[in-house]
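Protein chains in written order, with full-length UniProt numbering: chain H, 1 to 219; chain R, 1 to 219; chain L, 1 to 219.
Because the hints were derived from the structure by calculation, they are not lab data. Glycine is no exception: its CB is placed at the ideal position from the N, C-alpha and C atoms. There are no misleading hints in this set.
Label-pair restraints from in silico Cβ distances:
(1) Ile3(L) <-> Pro203(H): 53 to 61 Å
(2) Ile67(R) <-> Pro170(H): 27 to 35 Å
(3) Pro203(H) <-> Leu4(L): 51 to 59 Å
(4) Asn139(R) <-> Tyr9(H): 30 to 38 Å
(5) Leu171(H) <-> Asn139(R): 36 to 44 Å
(6) Thr5(R) <-> Met211(L): 42 to 50 Å
(7) His191(L) <-> His191(R): 47 to 55 Å
Stretches of chain R that chain L covers, calculated by requiring three or more beta carbons in the stretch to come under 8 Å of a beta carbon on chain L:
(8) 46-58
(9) 151-164
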Amino acid sequence: MSILTFLDYAGVALFAATGGLAASRKQLDFVGFLFFAATTGIGGGTLRDLVLGGGPVFWVKDPTYLIICFMVGIFVFFTGHRVEWRYRLLVWLDAVGLAAYCVMGAAKGLAATGSPTIAIVTGTMTAAFGGILRDLIANEPSILLRPEIYVTAAMAGAAVFTGATLGELPLWLSSSLGMAAAFGLRGGAIHYGWMLPRFHSRPGRPTEEAMKGKSRRKG
Amino acid sequence: MSILTFLDYAGVALFAATGGLAASRKQLDFVGFLFFAATTGIGGGTLRDLVLGGGPVFWVKDPTYLIICFMVGIFVFFTGHRVEWRYRLLVWLDAVGLAAYCVMGAAKGLAATGSPTIAIVTGTMTAAFGGILRDLIANEPSILLRPEIYVTAAMAGAAVFTGATLGELPLWLSSSLGMAAAFGLRGGAIHYGWMLPRFHSRPGRPTEEAMKGKSRRKG
Amino acid sequence: MSILTFLDYAGVALFAATGGLAASRKQLDFVGFLFFAATTGIGGGTLRDLVLGGGPVFWVKDPTYLIICFMVGIFVFFTGHRVEWRYRLLVWLDAVGLAAYCVMGAAKGLAATGSPTIAIVTGTMTAAFGGILRDLIANEPSILLRPEIYVTAAMAGAAVFTGATLGELPLWLSSSLGMAAAFGLRGGAIHYGWMLPRFHSRPGRPTEEAMKGKSRRKG
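One chain only, chain H, in its complex shape (with noise of 0.2 Å):
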């Protein structure tokens, strides 16, 4: 287990650090710091031990967490302005925390239930919803309306470990293939603009201008 433990304290620092360049961002005092880390830091993975079940969350059993949280938003209310280029820093760090935390909520979900199919969605969930929330209570635009690969890279990550670690690769082999794939496409998309195609689309009107008639032709 010392990879993964490793995994998940490394992903939540992470993302701490990306929840204090958010807070930086929008000027926050000291505890705003703090709370932006812990949110953002801690978010995905209480969200998988919730649907998970299964007592106390996380950072409930093991304080260490939380005080990871903190000590990172503290370096980073004192360090956070210095850095010219910190939202392109916050971009990266939550990449590497993506990769991480997509792992490790894989193999979570993985050894609760046994099923690839929770195993991925733990994963993905795990991974995205630290930024989803960091976004959301910092007002910014979400990552999810972003055309870029974000998610995609959660879940491909994911799946790869899920299929290696059920091909009985060891645990350090998955645990890589599993990181280089979300980091590798995550990083392809935010330095080369990577996106999925979108099919045909076609932009959603209004919603008040939506529900009234006049467009009934099919149907």
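On the provided structure of chain H, position chains R and L as indicated by the hints.
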């Protein structure tokens, strides 16, 4: 239990379809469709299971629900843009899903606690939360703040089902009555613009202004 | 436990009242008042119970809490529009609710885990989450992004209560000290505009611009 199981699958599939249609309006990519379909399809039931306690949520115990969401998401990905009246379809499917889910949620709450108050609340919550979550993550104006009957329809359906069940009507009849109440009210709201009276209303001032003095006439 | 039970009911009722006042500002209908009163009244405690694990949340075990929320919502429906200084009232009731709920949340967290870190976090979370949720669903600017002291007051109250309890002060005294700390800080923030220092701040650029080059001077 077979009527309730059918309603559960139907509610999940219908809400998943509305999530896919929302993704289509937002021109998301393939994984975006899966994400919106799953979040909308299982969101309400997940919240219900969390507050009732008792271990893993329903889709962790039975991944069929997830697979339904994904299949519906894939179907809408390939067909949603072709529907000229996409938003009307979203709204009407949501109404049928609301009717199925308020009965299902009330039945689970009543079975778990025996309390009619809890049954009505879990029914309302199960039915309304998926749509609220969909609007929130799609960044659409929330149905909660629109004047139409929505939460009211869910509450009415849950209350009718709970009352009929306590009155020892057979399950098929109490389910039908509950669904008819919810769908009737919501359908009337969509088609005729039904809304509840608002008593004496007075709009709120912007928060900044409201904190300034000059208005303390009473008190 | 009677002091804590009283604080629990009081916190629920006060936050329910602020939810009702938010519904009044948004000119919602009757069911909208019930929904906002219940969501704001029980939101923080629900999150606390979920992360602590241990079965159904408090209002499922004891529906009295829901009934209090509904009665408060009905009362505000008939009276809220008559209050000229409705938003000021909302803010001050929220401050009293915050004080009651940070003590109650810390007491539950401490009883469940024995960890002071967890107690401070559950206290802060219980007190702050109801208001955050209310602002989110009412589509108001979140209190989190305003410069005033808010989360800080909840955290201070939870910390004072936890410290006093570990120092073996009697319950009535540690509760009073915790509430006084939270209400004093929050009240000062409302009345005098108290805020924490922000160290060296620098606003974030819009996300689009921040991803473009030309700014990588250090690194």
